[in-house]
Amino acid sequence: MMPEKAKTYRVYCLSTAMSPITHNRGSEGNETIVNREPVMFGEDVVWIPTISGNALRHSMVREPSARWLVKRYDMQGKINTEALQFLFSGGALYKKKNSENLNRLKQFWELFPAYRVLGGSLPDVLVPGCLIAWRGVPVCEEARPIIRDMFPDGIVPDDKFPRANSLIGAYQYTRHDPNKKLGHISSDMPETTNQMIYGGQTIIAGATFVHGFVLQDVLRRELGAFLTALSVWRAAGGVIGGMSSRGHGRLSTVIHVSPEIDQTEVMGEYIEHADRVKDEAIDWLAKEYDFSNLWERGLFE
Amino acid sequence: MSTLADEFIPIDETSMEGFRQRLAGLTVERVDEIGHAEFRPVAIRIILLLAEHYNRDQLDPKSLWSRIESAIKTGIEKDDGDIAIMLNAMLEHVKADAEHVSRDSGFASILEDVMSRPDQFVGGLCNYFRKALLPLITFGRIEWKKKIDDSKKKHAKRKAQRDEIAEAEREVAEELRELAREQKEGGE
Chain A
1150 MMPEKAKTYR
1160 VYCLSTAMSP
1170 ITHNRGSEGN
1180 ETIVNREPVM
1190 FGEDVVWIPT
1200 ISGNALRHSM
1210 VREPSARWLV
1220 KRYDMQGKIN
1230 TEALQFLFSG
1240 GALYKKKNSE
1250 NLNRLKQFWE
1260 LFPAYRVLGG
1270 SLPDVLVPGC
1280 LIAWRGVPVC
1290 EEARPIIRDM
1300 FPDGIVPDDK
1310 FPRANSLIGA
1320 YQYTRHDPNK
1330 KLGHISSDMP
1340 ETTNQMIYGG
1350 QTIIAGATFV
1360 HGFVLQDVLR
1370 RELGAFLTAL
1380 SVWRAAGGVI
1390 GGMSSRGHGR
1400 LSTVIHVSPE
1410 IDQTEVMGEY
1420 IEHADRVKDE
1430 AIDWLAKEYD
1440 FSNLWERGLF
1450 E
Chain B
818 MSTLADEFIP
828 IDETSMEGFR
838 QRLAGLTVER
848 VDEIGHAEFR
858 PVAIRIILLL
868 AEHYNRDQLD
878 PKSLWSRIES
888 AIKTGIEKDD
898 GDIAIMLNAM
908 LEHVKADAEH
918 VSRDSGFASI
928 LEDVMSRPDQ
938 FVGGLCNYFR
948 KALLPLITFG
958 RIEWKKKIDD
968 SKKKHAKRKA
978 QRDEIAEAER
988 EVAEELRELA
998 REQKEGGE
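Chains as they are written, first to last, in the working numbering: chain A, 1150 to 1450; chain B, 818 to 1005.
Hints in this document: simulated from the structure, not taken from any laboratory.
Among the hints, erroneous ones may be present.
[As the list claims (entries may be wrong)] Derived SDA-like pairs (lysine to any residue); straight-line CA-CA distance at most 20 Å: (1) K1309/A x R839/B; (2) K1227/A x S1238/A; (3) K895/B x I1353/A; (4) K964/B x I861/B.
Take the sequences, apply the hints, and build the full model.
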């Protein structure tokens, strides 16, 4: 049988905030400030809210990929910190001697399609990924040239979009001091209250972002791994940015994959592949990250 | 194991045409055309209106500007796109007198001006108040001071004119009295 030909896929995304987004660039006092970037608008420089490609890549792809794999392979409590860091945040080079063993990489790619997409750092070698993440750009008039560049001709309308500054909102919350109401429960009563009011900027609910991913030269199961991650992300609430514990950051996302594929089918191919190579993959990871003693002790049985 | 367990919810897909339609649905008619430069004079006129109708008998005159700040916050919270409702809430907050307000041609002119603008204007104006309230109150206070100074100048000018006229009248009367005296003396 002819080996499968790798293909490049573009995944266009349109995400609408279903609750305020707090993707911040810092804080001023006890007020958080939304991440904004300068763009040219005519002859002016204006600052528009953006979602970094790093945040989108991590929240939508890397973390759900890892979470799914850990669950599917029943690895919870059985891997060490280094393996955990590799799976969830890309890992780090910590061995002094670098390896250039390409066969080992080939084996790694075969066993971990999601990480062929994401790349990362094994203990002794950096592994390039093949995923390009676009920044999340708000659908606003100031970002029109950027949005137009993302899509094929004729997709972006000529009519006006809202202005970027109309997409910025604010929130304010209070952390109550329980002593004010329930002071009788504690044995002592402080002289002053530590009630705190905190707040900051948000990107308002209803704001829509265009973003996307390019998967360069990937196999169907690798595309499947990517789409599986998106599905796991969505099932887990589909949030981006901070304060999800307070209802922030929920996105409603719609995608278009080009060239078109059957999403369910390629996800199925990935899951089937992951199940087939499960033992070999865990074994490989155990050896790579020196937690084979757990494996040998039968903890993976 | 099932290939599509509960842990997955495949992301919704659409065609490129679907993208085009969704993007087209995000366009707006006019509000993006209204810049801050258009909101600023209206906002300052509203602040002057509130300063004008601030009830100094019922409220502490020293709290004028902080009360105006809370009046604006109250008004914009009631924004439903209708300038009349918003201004009513603001004027009530400064305990404006209906008799005075109804006679104020400046108030009527603000209403007419805003009502002739696109529907989204009031929402945009509220957002502008939210984002720039303190600078706007500062600008409003400067304008209010100018207005008071102008009014004082006009008053002083009118007084000077009145004094001048009174002086002229006194001179004329004196002349007339002098003339009458001369005529009387001539007759004798």
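Outcome of the hint check:
| no. | hint | in the structure |
| --- | --- | --- |
| 1 | K1309/A x R839/B | holds, 14 Å |
| 2 | K1227/A x S1238/A | holds, 18 Å |
| 3 | K895/B x I1353/A | holds, 19 Å |
| 4 | K964/B x I861/B | holds, 12 Å |
Of the hints listed earlier, there is not a single one the structure fails to meet.
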